Amino acid sequence: MTKTDFPPSIRSRPVYGELAYRPGSLHLMVADGEGANALVDLVARAGAEAPGLLARAHIIYMPGPNGTDLSAVVQALGAAQFHRSPSYASAELRLRKVLADARMGLQVYLAGTEGLIGQAQREAMAAGLPHDAVQTEHRGATVRRVQCVHCKGITENVRTDPFVCAHCGLTLFVRDHYSRRLAAFQGVNIDAEDPGKVPPLVERFT
Amino acid sequence: MSVGAPKIPVTVAEVTEVNDLIKRFRFVRRDGGPMPPFSGGAHVVVEMDDHGTRRMNPYSLMGDPADSTGYCISVRRDEAGRGGSLYMHHHVRPGMQMVLGAPVNLFALDARAREHLLIAGGIGITPFIAQMAQLEALGGRFELHYAARNRALGAYMPALRAAYGDRVHTYFDDERQLIDLPALLAGQPLGTHLYVCGPKGMIGWVRASAEAAGWPRATVHHEEFLAPPVGVPFTVDLAASGKVITVGASQSLLEAIEAAGVEAPYLCRGGACGQCETAVLACDGHIQHNDHWLTDDQKASGTRIMPCVSRFEGRTLVLDR
Ligand code: FES
Numbered sequence: 002m003t004k005t006d007f008p009p010s011i012r013s014r015p016v017y018g019e020l021a022y023r024p025g026s027l028h029l030m031v032a033d034g035e036g037a038n039a040l041v042d043l044v045a046r047a048g049a050e051a052p053g054l055l056a057r058a059h060i061i062y063m064p065g066p067n068g069t070d071l072s073a074v075v076q077a078l079g080a081a082q083f084h085r086s087p088s089y090a091s092a093e094l095r096l097r098k099v100l101a102d103a104r105m106g107l108q109v110y111l112a113g114t115e116g117l118i119g120q121a122q123r124e125a126m127a128a129g130l131p132h133d134a135v136q137t138e139h140r141g142a143t144v145r146r147v148q149c150v151h152c153k154g155i156t157e158n159v160r161t162d163p164f165v166c167a168h169c170g171l172t173l174f175v176r177d178h179y180s181r182r183l184a185a186f187q188g189v190n191i192d193a194e195d196p197g198k199v200p201p202l203v204e205r206f207t
Numbered sequence: 143m144s145v146g147a148p149k150i151p152v153t154v155a156e157v158t159e160v161n162d163l164i165k166r167f168r169f170v171r172r173d174g175g176p177m178p179p180f181s182g183g184a185h186v187v188v189e190m191d192d193h194g195t196r197r198m199n200p201y202s203l204m205g206d207p208a209d210s211t212g213y214c215i216s217v218r219r220d221e222a223g224r225g226g227s228l229y230m231h232h233h234v235r236p237g238m239q240m241v242l243g244a245p246v247n248l249f250a251l252d253a254r255a256r257e258h259l260l261i262a263g264g265i266g267i268t269p270f271i272a273q274m275a276q277l278e279a280l281g282g283r284f285e286l287h288y289a290a291r292n293r294a295l296g297a298y299m300p301a302l303r304a305a306y307g308d309r310v311h312t313y314f315d316d317e318r319q320l321i322d323l324p325a326l327l328a329g330q331p332l333g334t335h336l337y338v339c340g341p342k343g344m345i346g347w348v349r350a351s352a353e354a355a356g357w358p359r360a361t362v363h364h365e366e367f368l369a370p371p372v373g374v375p376f377t378v379d380l381a382a383s384g385k386v387i388t389v390g391a392s393q394s395l396l397e398a399i400e401a402a403g404v405e406a407p408y409l410c411r412g413g414a415c416g417q418c419e420t421a422v423l424a425c426d427g428h429i430q431h432n433d434h435w436l437t438d439d440q441k442a443s444g445t446r447i448m449p450c451v452s453r454f455e456g457r458t459l460v461l462d463r
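Chains as they are written, first to last, in the numbering used here: chain R, 2 to 207; chain E, 143 to 463.
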């Protein structure tokens with residue numbers, strides 16, 4: 002299983018790369034689900050730099066939204082620090098603390114689903130790193146984190162398009178418009194003009 | 143032609159000898175009005191009429207951006223240069239009328255930075271003087287590391303120390319003091335941006351060290367104006383205007399185009415901004431690319447040239463100008 006290839010879209014839609022070793026004083030890696038394999042590949046590609054990379058690595062890992070849990074694989078990498086969290090929400094405080102204590106020279110590697118990548122990238126930006134200084138690689142589930150433009154509520158792990166907002170109950174069309182500040186795609190009411198005229202909910206994200 | 147805002151007719155208000163090598167010039171508007179606003183890091187192109195030769199050199203504005211009564215620049219005398227700095231040192235006197243381009247900033251502070259780490263070498267201090275005034279007014283965090291050849295040539299050091307105290311660190315080459323760059327780069331909090339201005343060697347050293355220390359490219363800023371090098375005269379065909387011109391030994395291609403009465407865009411005149419980029423329609427010979435703008439691939443392809451600093455050697459060069 003390798004990185005996900007998304008079809009080309011509007012500029013707003015985030016694109017992801019392939020994690021590559023960069024020199025640094027501390028290597029912070031945050032991954033969920035299949036993102037574990039991206040970390041394994043990163044270490045493999047680092048070649049002779051791998052021991053130094055792992056000796057200064059702090060890994061935060063959590064299962065993906067589809068239940069994939071490769072904790073054992075990630076732990077076996079032998080990073081200086083490994084922390085498993087049950088969810089992103091429970092990992093966020095640790096992530097914030099690592100970023101708050103970090104100095105320039107920190108490298109950030111994010112791998113896994115868009116929800117994880119987007120939220121962790123937002124924390125890195127809030128800590129002062131330019132968004133493009135954070136490396137990302139998409140693996141695993143393509144479910145989306147979507148903000149309803151009407152009630153502003155965020156629905157996690159959206160699978161269908163349209164979908165029903167978990168907060169206000171409107172049926173929302175999932176756009177490729179993305180907000181780095183919210184770490185979410187935009188959902189817009191699909192039957193505003195003709196209430197009740199809702200197309201079937203198609204499974205678009207898996 | 144400079145792209146953007148109109149030029150500024152000025153009078154030289156003051157000329158001050160700062161040290162053996164550096165003079166400071168202050169300009170005010172001839173009509174007595176306020177100067178256009180600028181931000182720390184901006185430069186202006188000073189137009190000189192050097193006994194019939196038109197010279198246009200970029201200099202960083204060093205005054206407080208909040209002061210709209212005049213612009214200040216510092217000019218280091220370069221005996222080996224093409225003559226712009228010598229003209230400024232030997233011929234510019236208070237009361238003289240001159241023309242400045244509108245300010246352009248290619249070395250702006252990044253407002254997202256948590257802290258600003260400023261590294262200056264020699265005359266490279268000037269943009270930082272304006273930036274520090276701006277940061278101080280806005281409550282921005284900064285520290286300056288400023289290296290000079292010796293104490294006598296450390297322009298503005300006492301004033302900067304008096305204004306900013308222990309945020310100013312000075313180093314003197316002749317006392318064998320060197321900026322401890324690895325320690326400095328390793329100790330900065332996340333979100334720090336780095337700015338370097340000084341001699342070419344220093345800029346290269348700081349940028350390479352920052353990259354090796356894992357600083358993201360977007361957090362490392364530098365300013366290096368290149369003076370157009372002198373060279374062998376050459377002939378150029380300007381296809382769009384139907385003229386053939388000769389570029390003199392101490393003239394830049396851009397200056398020769400302008401002297402022929404052909405309008406050509408520019409901003410920095412130092413190979414940094416990209417504004418003067420021109421398409422090469424035919425080239426039988428070798429383009430000496432001296433800019434920081436074109437990529438190595440573009441340079442190798444021979445299809446673009448930056449006339450403000452680059453030259454040509456060979457049989458024919460045809461430009462889309
Ligand atoms: S005028 Fe700026 S690169 Fe030539």
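In case anyone wonders, no lab produced these hints; they're calculated from the structure.
Among the clues, some could well be false.
Unchecked claim - Covered stretches of chain E, going by a simulated chain R footprint (3 or more residues, C-beta under 8 Å):
{"id": "1", "stretch": "250-257"}
{"id": "2", "stretch": "322-330"}
{"id": "3", "stretch": "382-391"}
The model shown is predicted, which means the values in this text are computed figures rather than measured ones.
By construction, the Cβ of each residue, glycine as well, lies at the ideal position given by its N, Cα and C atoms.
Cross-check of the supplied hints:
no., hint, result
1, 250-257, "holds (count 3)"
2, 322-330, "holds (count 4)"
3, 382-391, "violated (count 0)"
Hint compliance for this structure: hint 3 is the single one not met.
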